[in-house]
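Protein chains: 2
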Amino acid sequence: MSVLIVGSTALDSIKTPKAENPRLLGGSASHASVAASFFSPTKLIGVVGEDFPKKYLALYQRHGIDTTGLQILPGKTFHWSGEYEENMNNRRTLLTELGVFETFSPELPKAHQGTPYVLLANIAPALQHHVLDQVKRPKFVVADTMDLWLNIAFNDLVSLIKRLDGFVLNDSEAHQLTKEDNVFAALKKIHKMGPKYVIIKKGSHGSILSGPKGFFICPAYPLHKVVDPTGAGDSFVGGLMGYLATAQGSIESNIRRAMIYGSVSASFCCEGFGLVRTTRTTRQEIDRRVRELEKMTAF
Amino acid sequence: MSVLIVGSTALDSIKTPKAENPRLLGGSASHASVAASFFSPTKLIGVVGEDFPKKYLALYQRHGIDTTGLQILPGKTFHWSGEYEENMNNRRTLLTELGVFETFSPELPKAHQGTPYVLLANIAPALQHHVLDQVKRPKFVVADTMDLWLNIAFNDLVSLIKRLDGFVLNDSEAHQLTKEDNVFAALKKIHKMGPKYVIIKKGSHGSILSGPKGFFICPAYPLHKVVDPTGAGDSFVGGLMGYLATAQGSIESNIRRAMIYGSVSASFCCEGFGLVRTTRTTRQEIDRRVRELEKMTAF
Chain V
1 MSVLIVGSTA
11 LDSIKTPKAE
21 NPRLLGGSAS
31 HASVAASFFS
41 PTKLIGVVGE
51 DFPKKYLALY
61 QRHGIDTTGL
71 QILPGKTFHW
81 SGEYEENMNN
91 RRTLLTELGV
101 FETFSPELPK
111 AHQGTPYVLL
121 ANIAPALQHH
131 VLDQVKRPKF
141 VVADTMDLWL
151 NIAFNDLVSL
161 IKRLDGFVLN
171 DSEAHQLTKE
181 DNVFAALKKI
191 HKMGPKYVII
201 KKGSHGSILS
211 GPKGFFICPA
221 YPLHKVVDPT
231 GAGDSFVGGL
241 MGYLATAQGS
251 IESNIRRAMI
261 YGSVSASFCC
271 EGFGLVRTTR
281 TTRQEIDRRV
291 RELEKMTAF
Chain G
1 MSVLIVGSTA
11 LDSIKTPKAE
21 NPRLLGGSAS
31 HASVAASFFS
41 PTKLIGVVGE
51 DFPKKYLALY
61 QRHGIDTTGL
71 QILPGKTFHW
81 SGEYEENMNN
91 RRTLLTELGV
101 FETFSPELPK
111 AHQGTPYVLL
121 ANIAPALQHH
131 VLDQVKRPKF
141 VVADTMDLWL
151 NIAFNDLVSL
161 IKRLDGFVLN
171 DSEAHQLTKE
181 DNVFAALKKI
191 HKMGPKYVII
201 KKGSHGSILS
211 GPKGFFICPA
221 YPLHKVVDPT
231 GAGDSFVGGL
241 MGYLATAQGS
251 IESNIRRAMI
261 YGSVSASFCC
271 EGFGLVRTTR
281 TTRQEIDRRV
291 RELEKMTAF
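Protein sequence lines, in the order shown, are assigned to chains V and G.
Start counting the first sequence at 1; every next residue gets the next number (this note's numbering).
Start counting the second sequence at 1; every next residue gets the next number (this note's numbering).
FYI, nobody ran anything at the bench for these hints, they're computed from the structure.
Accuracy of the hints is not assured; some may be wrong.
Copies of the same chain are indistinguishable here, so a pair counts whether it falls within one copy or spans any two.
Stated by the list, open to error - BS3-like, lysine-lysine: derived pairs with alpha carbons at most 30 Å apart: (1) Lys54 / Lys76; (2) Lys202 / Lys189; (3) Lys54 / Lys192; (4) Lys202 / Lys213; (5) Lys18 / Lys139; (6) Lys18 / Lys202; (7) Lys179 / Lys15; (8) Lys213 / Lys295; (9) Lys213 / Lys15; (10) Lys15 / Lys202; (11) Lys192 / Lys225; (12) Lys179 / Lys202.
Every value quoted in this text rests on a predicted model; they were computed, and no experiment measured them.
The task is simple: from the sequences and hints, build the whole structure.
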């Protein structure tokens, strides 16, 4: 089955202590869609400006991503610039130019409205709502978010959470949302807000799923070197939804393995700037890392 | 088989945002020995003053801990006092009174010198060396440490690491020791310093083993509430060594499960002040949490 992914489509200028890379393909929808594309047919919903490089459209196409829902509008593509500290965990935003994103209203092509798997990747909750309003009886809806929306669109986010099957956020966002320091206490509170499945991302410490079958403690794939973690969380949730959409059987029986696939997708993302490393991987290489994680967690 | 454990034996006065508990039984050797005692015969090497409460000697005895190697000297027991912040991760030391610890020289009773499993729990590296000098052909020697020794006894610690089968430290200590931000890069460097097995503790994020069979990503047991994390790392390594000492088969084939047992031991430690919760647990309760962790990591 196929996955519909809405989110940001951006140009990212990323600075690390080792290197500087201007105007890479970025944005939550780009990272999530490329990650998902290794598993399922993927439909991207987003917006770019007239300055959007053709090579990036070609990249989407090479991954078989359906870009019927990608609007190309007069104006500039959303441009984000950030800088990482030596430890590659702390980053600060240097610049945010919304460009065409400022007035973006995601419109679903008719053919997309029945997509069974819907990923509302990180984007304003009002836009996530608007996409959800246009899909018909989806099988599984998951949303990701970021601290910005907790700060400036709290009520929109809370009403969105009610509508989700699965909600993904990181540990500091979970703390901000629930005022709980303890991850497991936070998970309990988030379930009460609506979703059957809640996933808390912990970066290099992996992630935790809470669902009807209890907790799943999902490892991160060990990396000796992190080149650029931008988009790792988007790749995680993209890989997760891409895998789920193709797996046989129930969500419940597949979601743990889907998280492992998400984790591996994120590992490739971190190994290169922007999407450079992710686009070079293969399903075989992904499966190899999944088998390695199986070995690294067996006891 | 039995485990010999040397480390600090102390009175801990612990303050958290919720409560204050003076003069609890503490110290690395106390936590590690009680954790180990659920699995194997355990011999404690340490020192206390004449003020050491009889009820704590009784506690050791109730756990079948051999205290032949516990010196009771004129003077005061080592007293540590610390305060935790709201998130229960950051703590600051309020007071350290070394007391009889100041002149402590651990001497092994003859009967202890052939103990096959030796745990050099957190204590000055010079004292860890001194204990190691007295044991005859041990089967497996593991040491734990803390940031203090990296700061004030770096060379002693480095020469100790050479003599170990296994070395346990936390992630910030690994960074301090190797100057590597990345845990996996740090592990590689620490192996080059000597030990076949290196374990990096990451608190509530679990721990990582690096050994001849590659990495093992060990989860922490999920706790909804942490009452007092003091001694969790000592309990981890105590449970690990206690389990290893009784398990049939090679170290290599048992060490992963031993870490899981260590992880569960640490979880009980965190659920009460000092050793209050740990002393109340049972082998059955420990095994139950191990089975839960099996379920929470299967995919």
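To see whether the hints hold, each was checked on the structure:
Only within a single protomer do Lys54 and Lys76 lie at most 30 Å apart by alpha-carbon distance; the minimum there is 14 Å, versus 76 Å between protomers. In this homomeric assembly, Lys202 and Lys189 come within 30 Å of each other (Cα to Cα) both inside a single copy, at 18 Å, and across copies, at 25 Å. In this homomeric assembly, Lys54 and Lys192 never come within 30 Å of each other (Cα to Cα): the closest approach is 45 Å inside a single copy and 48 Å across copies. Taking the shortest alpha-carbon separations for Lys202 and Lys213, both the intra-copy value of 21 Å and the inter-copy value of 26 Å come in at or below 30 Å.
In this assembly of identical chains, Lys18 and Lys139 lie within 30 Å of each other by CA distance neither inside one copy nor across copies; the values are 43 Å within and 45 Å between. In this homomeric assembly, Lys18 and Lys202 come within 30 Å of each other (Cα to Cα) both inside a single copy, at 24 Å, and across copies, at 26 Å. Taking the shortest alpha-carbon separations for Lys179 and Lys15, only the inter-copy value of 22 Å comes in at or below 30 Å, while the best intra-copy value is 32 Å. For a Cα distance limit of 30 Å, the shortest separation of Lys213 from Lys295 qualifies both inside one copy, at 23 Å, and across copies, at 9 Å.
Taking CA atoms no more than 30 Å apart as the test, Lys213 paired with Lys15 passes in neither setting, with 41 Å inside one copy and 36 Å between copies. In the homo-oligomer, the alpha carbons of Lys15 and Lys202 lie at most 30 Å apart both inside one protomer (22 Å) and across protomers (28 Å), since each shortest distance falls under that limit. For the identical chains of this complex, Lys192 and Lys225 are inter-copy neighbours only, at 18 Å across copies versus 38 Å inside a copy, given an alpha-carbon limit of 30 Å. In the homo-oligomer, the alpha carbons of Lys179 and Lys202 lie at most 30 Å apart both inside one protomer (17 Å) and across protomers (23 Å), since each shortest distance falls under that limit.
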